[in-house]
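**Student:** First to last, the protein sequences are chains A and B.
When we follow numbering that gives the first Met the number 0, the leftmost residue of the first sequence carries the number 0, and every step to the right adds one.
When we follow numbering that gives the first Met the number 0, the leftmost residue of the second sequence carries the number 0, and every step to the right adds one.
Heads up, some of the hints might be wrong.
[To be verified] Computed beta-carbon distance windows for the label pairs: (1) SER373(B) - PHE470(A): 54 to 60 Å; (2) THR481(A) - PRO502(B): 57 to 63 Å; (3) ALA359(A) - TYR438(B): 57 to 63 Å; (4) LYS453(A) - VAL25(B): 50 to 56 Å; (5) ALA172(A) - VAL18(B): 47 to 53 Å; (6) VAL423(A) - TRP476(B): 44 to 50 Å.
[What the hints assert, rightly or not] Derived coverage of chain A by chain B (criterion: at least 3 residues anywhere in the stretch with Cβ under 8 Å from a Cβ of chain B; other residues may be distant): (7) 117 to 130; (8) 402 to 413.
[To be verified] Each computed SDA-like pair below joins lysine to any residue, with the alpha-carbon atoms no more than 20 Å apart: (9) LYS23(B) - PRO377(A); (10) LYS161(B) - ASP73(A); (11) LYS326(A) - LYS23(B); (12) LYS374(A) - VAL106(B); (13) LYS62(B) - ILE474(A); (14) LYS23(B) - ILE427(A).
These are computed hints drawn from the structure, not numbers from a lab.
Positions of the beta carbon are idealized from the N, C-alpha and C atoms, including for glycine.
Here is how the chains run, residue by residue.
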Amino acid sequence: MDKAFHFPIPTIEWFALLPILIVALTGICAFIVEMFQPKRENTLIVGISIGGLLVAAVALFLQMSEPLYSTASDLLLRDTFGSAMQWILLVACGLTILFSEGYLREKRIPFGEFYPLVLWSTVGAMIMASTTSLLVIFVGLEILSVSLYVMAGMSRSEEKSEESALKYFLLGAFASGFFLYGIAFVYGATGGLDLDFVGTAWAHHSETTRVLLVFGLAMMLIGLGFKTSLVPFHQWTPDVYQGAPTNVTAFMATASKIGAFAALWRVLAAFTVLGNYWVPVVSALAILTMFVGNFAALVQKDVKRVLGYSSIANAGYMLIAMVAHAKDFHVGASTLVYFLLSYTFMTLGAFAVVSLGAKAGTEGTKLEDLNGMWKRSPFAAIALLIFCASLIGIPPTAGFIGKFLLFFDALKTGLWPLALVLAVNSVISVYYYLGIARAAFVADSEETEQKLAKPSPAATSVYALCIAGVFGIAIFYAPVATFLAGK
Amino acid sequence: MYLLTILTFLPLLGAIALVVMSEKHVKSIKQVALLTSALTFLLSLGLLVKFDSNTYAFQLEDKQNWIPQLGIGYHMGLDGISLWLVLLTTLLSFIAVAYSMKVDVRVRAFLACLLTLEAAMIGSFLSLDLILFFVFFELTLIPMWLLINIWGGERRAHAANKFLIYTFAGSIFMLVGIVFLGYLQFKATGKMSFDIVLIQEQVAQGKLWANALQAEPFIFWAFAIALLVKTPAFPFHTWIPDTYSESPIAAPILSSVMVKMGTYGFLRFCLPLFPDALPNQTPILITLAVVGILYGAIVAAVQPDMRRVMAYSSLSHMGFVLLGIFSLTRIGMMGGAFQQLNHGITATILFLLIGFLYQRGGSTLFKDYSGLKSQMPIFAALFLIAMLSSVGLPGTNGFVGEFLALVGAFQSAYAGQFAIGIVVVAVFGVVLAAVYMLYMFQRVFYGEVVRAENRSLQDLRAPEIGLACILVAFILWGGLAPNTFMTPMQTSLDATLKMATAPATMRPYWSSESVEAKKLPAPQHKRVAMISKAGS
């Protein structure tokens, strides 16, 4: 007699899922509303999206004090790292939505679908941040990416937007393939998909399975390396960033990176036992990423490309925290969280200012297209200057504290060569960040004056919020860090 | 007592007030700025009243937690070394703001930048936490960058970027050094801290560097290079000619205080915190100082622009400050510390006068002027006094500072048998200063008036004369009664010298429990006693 197939119905702690569910439902609501709304009338959708995100934030806030637990057959993990990442994702998503409406109108892209897509994409990233199951990470990655592929091609009349979408799709699919391939090897070697389990498998396995495990890890590193745009897997980044609509680029540079970094962190932290294998590789990747990102940014003429390379360089900075974590268990997590939060404020803010280049259906993103901003909308120019100063790392901004934490972690764990490379790279980066800031302050001749749009009130509020963020989380580091650490 | 905090943030509040004001009310904008800087100056005079010159401990301290997780605190304090620098900052900022009343392009942003700079400079002179100091140190960058970039001359983009990149490149390595010091402090005491009072206590007892002696010279240079860039010293000086010649005149006036952040940093951080590295590194710094003195003076002599002459003369004069400080003798350090103030006063009055000329003639090039003495006699007279102070004529403040610095260098144990050579070479710097300053004076004020439009130049008006006369008063005061300025500095400088040169465990430290222990016997009192004894 056959034994009845027994499949345990997992018990689910719905409360842990709540923020993710709310954001997903908000996306669905926004989608339904979009169907009934006339084109170009998206204010209601924006309102719903922001409202949903706020509710999700409340749910997340209630979760912060919960203890660490996993639910749904260990497919979902509630821990402070995941919650902190979800916070940053909500911030990134909310800010993107806020400045998008004005931009999309100027750019004449009448897509209301953008809002549900961006929300669902955020859901994918949130899932990636709060699980230790490799397969769930993969599912999150796909939810994140598929929405982004659509969004990148949103500006259908523009060839470069199409190109951007296609390029992102092809390379993204490739990366997913690598990642999945790696998962398959790890599964083959250990018979498990949960990172906690996989990480402990090293100790009691034979030499042959160990080879498979290392290979699997390498494949996963490549897959996530694409998503986090580490050199040499970064080639797509500048092109895609340049071609995609600016608000999508802003989202890509922040939310998508946050999700991918969260996943990379989970994977590498779980494989600390294999540190001998991956620490030298990741250190080399970090050094390469920093130098290539910064040097390539020096010669760019397009602001979005500059910021694209800047995001590559920043990815290199963040790898330092990961390497430090492998050396010392206590170090690195809070640094990565803080750095990503500060990075979100300054990069998103910078993209929000650059989106002013869109006017009456066209968009200028060359450096000289920013000229005259200082006269036309001084607040935007000052905001851009502040974001650039923060990206450089000038105190008292969040970028400074972020770099300070990286220096601290690196020196504490004996990684002083990485600290020196970071210092040298900070100096190199000054030049191109100043180039962006200067472009906004250059004298205004008659012809350049008309190029820029006036910021909408929503966009202005994004600048204000980002400025508040850049200074706020630096000056009030102590409470912010305590909060993000869930204490 | 929150006096120091109020003093630091008052200008910043003024700047914020300016930013939120409507750009249309130009007059009230100017009034607010002038009032803020005047109020800050008056408030800073309160420091003189409160200051006790008998102790080297920090006074009027203000200590708060800022980021306790990382050991970063908000710690402000005043001692003899910072006292006069703060007063110099508030005075010169007031003069810079008063001078800038003539600006008519984007006045609001301009004055806001000046006030932010003032706040940053006051803050960095008062910070006792390394990170806090770094924050203020770097806060000067962006306003200065804006000043050059928006209101500067033709090559402003180049000058602004050069200024920022140079300064930032130096200071980012200082940040690495600071973080490393904090980490060493953690290893020594088990508690993170960037408070120099606490760090220096460990240094004084020889605990901090006990396990990191090899690292000490590297960290020393991480600090020293950042400070040398700021000072500026040879060979890190190349930003300063561009900055001075391309920025609006108010910027160099403030810049002549800003460069003191470099030499102040040496006195405050490099000497007390790296005593074991000093014996080997001091000769290098002395050499750089002397090369700077000579090189600056020679290059200044061939510049076509008064502002560039001033830039190179700054390099030369700041060389004397460095020479004095790193002679590591009592007299030399006093000379260096005093010369800091003198350079601030002298460079400012010269810049102010050059600025007045620029407002009238629209240029600072030599070729555009000649024979101004007949047109502008008062201007010429004031310029002459300023010039003589810069040259170092006895009776002016410049003489006292440079003379003491040279005497210090002569006595210095760190120069070895080269002491005489160093002094001889440095004295050539004084001679060359006379050459380039007199040359400048001759070209601008004597001869025939060549250009027709120069015949209609107006002499200085009463408010302008008043502004310049304040500084002239200080030139003479510093030259004739230097003790007014030196006495309050003495105790702190002596303590710093001991911290730098005494062997471990014999070094004094700021945090020692009893304030009485920090009181060194006051020499004046003894002298008074002796005189009265002789009288009886």
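**Student:** Look at the Cβ atoms of THR481(A) and PRO502(B) and judge whether their distance stays inside 57 to 63 Å.
**Tutor:** violated, 43 Å
**Student:** Holds or violated: LYS374(A) and VAL106(B), Cα atoms, limit 20 Å.
**Tutor:** Cα-Cα ~14 Å, so holds.
**Student:** So the hint says 47 to 53 Å: do the beta-carbon atoms of ALA172(A) and VAL18(B) match that?
**Tutor:** Hint holds: Cβ distance 49 Å, inside 47 to 53 Å.
**Student:** Quick check: do three or more residues in the stretch 117 to 130 of chain A have a beta carbon closer than 8 Å to a beta carbon of chain B?
**Tutor:** Since three or more residues must qualify, the claim that chain B covers the stretch 117 to 130 of chain A is violated, with 0 doing so at under 8 Å.
**Student:** How about the stretch 402 to 413 of chain A: do at least three of its residues have a C-beta closer than 8 Å to a C-beta of chain B?
**Tutor:** Result for this restraint: holds, n = 7.
**Student:** Is it true that the CA of LYS161(B) sits at most 20 Å from the CA of ASP73(A)?
**Tutor:** At roughly 55 Å apart (the allowed maximum being 20 Å), ASP73(A) and LYS161(B) break the hint.
**Student:** Given the hint of 44 to 50 Å, is the C-beta distance from VAL423(A) to TRP476(B) inside that range or not?
**Tutor:** holds, 47 Å
**Student:** Is 57 to 63 Å a correct range for the gap between the Cβ atoms of ALA359(A) and TYR438(B)?
**Tutor:** holds, 60 Å
**Student:** Given a hinted range of 54 to 60 Å, is it respected by the beta-carbon distance of SER373(B) and PHE470(A)?
**Tutor:** holds, 55 Å
**Student:** Is the Cα-Cα distance between LYS23(B) and PRO377(A) 20 Å or less?
**Tutor:** holds, 15 Å
**Student:** Hinted pair, alpha-carbon criterion (20 Å max): LYS23(B), ILE427(A). Please report holds or violated.
**Tutor:** Roughly 40 Å separates the two Cα atoms, so the pair is violated.
**Student:** Does the alpha-carbon distance linking LYS62(B) and ILE474(A) stay inside the 20 Å limit?
**Tutor:** holds, 16 Å
The structure shown violates the earlier hints numbered 2, 4, 7, 10, 11, 14.
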